[in-house]
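So the protein lines, in turn, are chains A and B. Numbers 1 to 322, taken from this note's numbering, label the letters of the first sequence in order. Numbers 1 to 466, taken from this note's numbering, label the letters of the second sequence in order.
A couple of the hints might just be wrong.
[Stated by the list, open to error] So these bits of chain A aren't anywhere near chain B, every CB distance computed over 10 Å:
1. Ile73
2. Arg125
3. Lys160
[Stated by the list, open to error] Within a straight-line C-alpha distance of at most 30 Å, the following computed BS3-like cross-link-like pairs (lysine-lysine) qualify:
4. B/Lys361 / A/Lys160
5. B/Lys449 / A/Lys160
6. B/Lys179 / A/Lys160
7. B/Lys120 / A/Lys160
8. A/Lys77 / B/Lys449
9. B/Lys330 / B/Lys200
10. B/Lys247 / B/Lys70
11. B/Lys200 / A/Lys77
12. B/Lys449 / B/Lys264
13. A/Lys77 / B/Lys361
14. A/Lys77 / B/Lys461
15. A/Lys77 / B/Lys330
[As the list claims (entries may be wrong)] Pairwise CB distance ranges (calculated):
16. A/Val163 / B/Ala464: 51 to 57 Å
17. B/Asn188 / A/Ile303: 42 to 48 Å
18. B/Glu234 / A/Val48: 39 to 45 Å
19. B/Gly258 / A/Val163: 34 to 40 Å
20. A/Pro227 / B/Arg203: 57 to 63 Å
The hints are simulated quantities; they were obtained by calculation from the structure and are not laboratory data. Remember, predicted model here, so these are calculated numbers, not experimental data. Ideal Cβ positions, reconstructed from N, Cα and C, are used throughout, including at glycine.
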Amino acid sequence: MSSSTDTLESPSAIPRPHPERRVAPRPGARRTARREGIFGFLMISPAVLFVTVFTLVPILASLVLSLFSWDVITAPKFVGLNNYQRLAADGTVLHSFGVTLILALGIVILQLVCGLGLAVLVNQRRKPWSKAFFRTTFYLPLLASTAAVSIFMGYMFDAKFGVINYYLTSLGLPAIPWLTSTWGSMLTIVLITVWQQVGFTFVMFVAALTSMPSDVLEAAAIDGAGPLRTLVRVKIPLISPTILFATVVAMINAMQLFDQPFIMTKGGPGTATTTATIVMYQAGFQNLQFGYGSAIAMVLLLIILAITGLIFIASRKLVFYQ
Amino acid sequence: MTNRINTPLDRRTLFKIGGAGLAAAGLTSLTGCSTFAAGSGSTGTIKMLYFGQQSAATALQNALQPQIAKLDKTAKLEVTGINGTDWNDFLAKVLTQVASGSAPDIVSVATEGLQLMASKELLTPLDSYVTKDMSSLQSYFDDTHPALIESMMYQGHLYELPDSFNAGSMFYSTSLLQKAGLAEPSANWTMDEFHTNATKIARSGGDTNAFDWVVRLWGSWTSFLYANGGNLLEEGKYSGGDWLWNKAYANNGTATAGRQGGWKWGTPTANSAEAIEALEYVIDLQRSGLSPSPDVGGGSTLQGLFASDRIGMTIGGGFWAGGLHNAGMKDGSFNVQKFPTWKTNKSLFGAGGYGIFDSSKKKDLAWEVVKMMVQPSSFDLIFPGNVTTSGRKSLNTAERYKTTGPANWSVFYDQLDGSVPISAPPYYNALATSLNQRTTQAISSGNAKAALDGMQADLEKAAAAS
Chain A
1 MSSSTDTLES PSAIPRPHPE RRVAPRPGAR RTARREGIFG FLMISPAVLF
51 VTVFTLVPIL ASLVLSLFSW DVITAPKFVG LNNYQRLAAD GTVLHSFGVT
101 LILALGIVIL QLVCGLGLAV LVNQRRKPWS KAFFRTTFYL PLLASTAAVS
151 IFMGYMFDAK FGVINYYLTS LGLPAIPWLT STWGSMLTIV LITVWQQVGF
201 TFVMFVAALT SMPSDVLEAA AIDGAGPLRT LVRVKIPLIS PTILFATVVA
251 MINAMQLFDQ PFIMTKGGPG TATTTATIVM YQAGFQNLQF GYGSAIAMVL
301 LLIILAITGL IFIASRKLVF YQ
Chain B
1 MTNRINTPLD RRTLFKIGGA GLAAAGLTSL TGCSTFAAGS GSTGTIKMLY
51 FGQQSAATAL QNALQPQIAK LDKTAKLEVT GINGTDWNDF LAKVLTQVAS
101 GSAPDIVSVA TEGLQLMASK ELLTPLDSYV TKDMSSLQSY FDDTHPALIE
151 SMMYQGHLYE LPDSFNAGSM FYSTSLLQKA GLAEPSANWT MDEFHTNATK
201 IARSGGDTNA FDWVVRLWGS WTSFLYANGG NLLEEGKYSG GDWLWNKAYA
251 NNGTATAGRQ GGWKWGTPTA NSAEAIEALE YVIDLQRSGL SPSPDVGGGS
301 TLQGLFASDR IGMTIGGGFW AGGLHNAGMK DGSFNVQKFP TWKTNKSLFG
351 AGGYGIFDSS KKKDLAWEVV KMMVQPSSFD LIFPGNVTTS GRKSLNTAER
401 YKTTGPANWS VFYDQLDGSV PISAPPYYNA LATSLNQRTT QAISSGNAKA
451 ALDGMQADLE KAAAAS
């Protein structure tokens, strides 16, 4: 729309109050506004308090702690940016950030693809009970305790007596070192995390697909678009805001991956699945270097913020808002 | 909208108040963490941290309470169970609890955590208490191997009274040995015989592994390292300790020859020729199909596999007797022998005992409780069912192992002669983390030297930082 063309929708067409016609405030209006303001603050205060106590204070405490050397037992000692300088030269920590990024990338991509695929398939089912059954089934793993799932999956993928290798060898295939080789352990962590988390992405995609305007789909069908073309050219652009949200949430979760590698592989073999959060735990709770652990946490927070920012910048060109 | 909140509680003011509050809260939480509450909260309550489930801790508390009441009618014992896969896990949780401001009066600590806690001055030296009560403790020292006592010393001071230990012996399935046509190993068996046995068990077929082990400091490839004459750290002793040896073991000078003020773990030697050879040996066992890839930490899976007769031989201690019995293994279906001799017959052990927190306000009462807990009558209350080896020789009897087995139970205590405790310096946690990572790296890559070079660098860094 050209800016030179004024229409009813254009900004210039919106009537603005004339300065001379501004009506003087009614007596008591300021008091009413103030009362409403206080009421508004009261309404949001529980949420503000919750976020302050459980999110902002820990982050701030972590930031402050990262400037100290503290072993829990003796008094903290201010060390300025020493922890960050040490971190920049610590190969183990830098390697763990690399591992985290690789695992997160695998998890996010697979989670989005599987979530979308399952949502499309379930959405095509006509009977409501069938849809409800699959929705529940795919969402169930998300309700299970991650620790319990990791222990259980650890047994299933065990190279010695795991049921996976049992069936593979029964079929004449070689046993796979799922948790004892570099590539095997990374793949297993990705698969198990996706298996458990895909329900969240799936439910969001199902909701987005269900609320899609039917007239657009009908128009696509009339124009002769097949199922694949409709999916790629119509459905995915229409649900792209949901894809953006799912990507951001999945990425943030994946960057904080801890339970699965910690329980199943202890970060091994070697440091193949040692994520940033595991190194953070080791620094703080095992090596009693809470300041250093906090510095790792702060750097991880910055990396997550940077990645989230990049995703939002990319979304300006990729996401379609109706 | 902006006008509506432009009141005495405007946004800028709110941010200012909030910012100041957050900063204050952050600093308060940090400084608040630096001090921890001293000992028990209520008068007359002795708090103790115990490695195990809360149900077992409560049972222990109930069992010991009548005896505590005999010491002091107003005294009450409160035992908190801390779950963990291994001592490393337990120790991390204890330290977290200390950081949260609730330090106990008594803590059960194994060799793994002794030097860490003593070096941080979390535990109080027991020297003055022991000296004061030497006459009443004489029967305890007469009955306890000096190697166990020395393993609980640090820089010349005694920090714990040990009541239990586990030496790394070799357990074997008698049925799998019979199936392979093998006789049970003798006390002076060698690594060559071990290898021959493993090969024959593997050839005998079935869904079994000739040998299996767990990645950890106690009873891992480290047992092979010790038998090969090496260690992860240079072995040494702190000076001192005469105050104890000259009195407590005055009647048994030969047993205390060379005993000093505790083990001093020196320069890392993780990539020594002995270490590389030992790690390569276990890698070769796996590559040649004699053992599977090992699990990290714990040992419950290994015990389950052994109990179901799927493992021919494995490293275990006295705790396996009760463990295998509880898993359904019948006495006679398994037995034990000393770890085979390689270049030396040096083997390893880890001990457990009780220390008093330095911050405790009831140290005198805590000391009385500690003394009570190392009495022979307390052992089965604390460890029912042979789930560890008693530190008192008089409790290691045929009667004790009659139900659980193994038939050759005497090797548990006998192995203490010439045995060295696991190398757990003040930076034990960093050592354990590195050991786990570098061992799995070596198993995965097959390159023991590269992994141990990495471990050497890790340990040098950790030693310098400690």
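Each hint tested on the structure:
Listed as a non-interface residue, A/Ile73 fails to keep its Cβ farther than 10 Å from every Cβ of chain B; the least gap is roughly 5 Å. Non-interface call for A/Arg125 relative to chain B: holds, since the shortest CB-CB distance, roughly 42 Å, exceeds 10 Å. With 10 Å as the threshold on Cβ separation, the claim that A/Lys160 sits away from chain B is violated: the shortest Cβ distance comes to roughly 5 Å. For the suggested pair B/Lys361 and A/Lys160, the alpha carbons sit about 51 Å apart, so the restraint of at most 30 Å is broken.
Straight-line distance between C-alpha atoms of B/Lys449 and A/Lys160 comes to about 26 Å, which keeps the hinted pair within the 30 Å bound. In summary, the hint linking B/Lys179 to A/Lys160 is supported, as the alpha carbons are separated by about 21 Å, within the 30 Å threshold. Between B/Lys120 and A/Lys160, the direct Cα distance comes to roughly 41 Å. Violation of the 30 Å bound is thereby established for this hinted pair. Restraint check for A/Lys77 and B/Lys449: the C-alpha separation of about 38 Å exceeds 30 Å, so the hint is violated.
A distance of roughly 24 Å separates the Cα atoms of B/Lys330 and B/Lys200; the hinted pair therefore holds under the 30 Å criterion. Distance hint between B/Lys247 and B/Lys70 is fulfilled; the C-alpha atoms sit about 29 Å from each other, no more than 30 Å. Taking the CA atoms of B/Lys200 and A/Lys77, the gap is near 60 Å; set against the 30 Å cutoff, the hint is violated. With a C-alpha separation of about 26 Å, the suggested pair B/Lys449 and B/Lys264 falls inside the 30 Å cut-off, and the hint holds.
Restraint check for A/Lys77 and B/Lys361: satisfied, since their Cα atoms lie roughly 27 Å apart, inside the 30 Å limit. Restraint check for A/Lys77 and B/Lys461: the C-alpha separation of about 20 Å stays at or below 30 Å, so the hint holds. Distance check on the hinted pair: A/Lys77 and B/Lys330 sit about 57 Å apart at the alpha-carbon level, beyond 30 Å; violated. Between A/Val163 and B/Ala464 the Cβ separation comes to about 46 Å, which falls outside the hinted range of 51 to 57 Å.
Evaluation of the 42 to 48 Å hint for B/Asn188 and A/Ile303 yields a failure: the beta carbon distance comes to about 58 Å. At about 57 Å, the beta-carbon gap between B/Glu234 and A/Val48 misses the expected band of 39 to 45 Å. Checked against the hint of 34 to 40 Å, the C-beta distance between B/Gly258 and A/Val163 comes to roughly 52 Å, which is inconsistent with it. At roughly 58 Å, the beta carbons of A/Pro227 and B/Arg203 sit within the given window of 57 to 63 Å.
Checked against the numbered hints listed earlier, the structure breaks hints 1, 3, 4, 7, 8, 11, 15, 16, 17, 18, 19; every other hint is satisfied.
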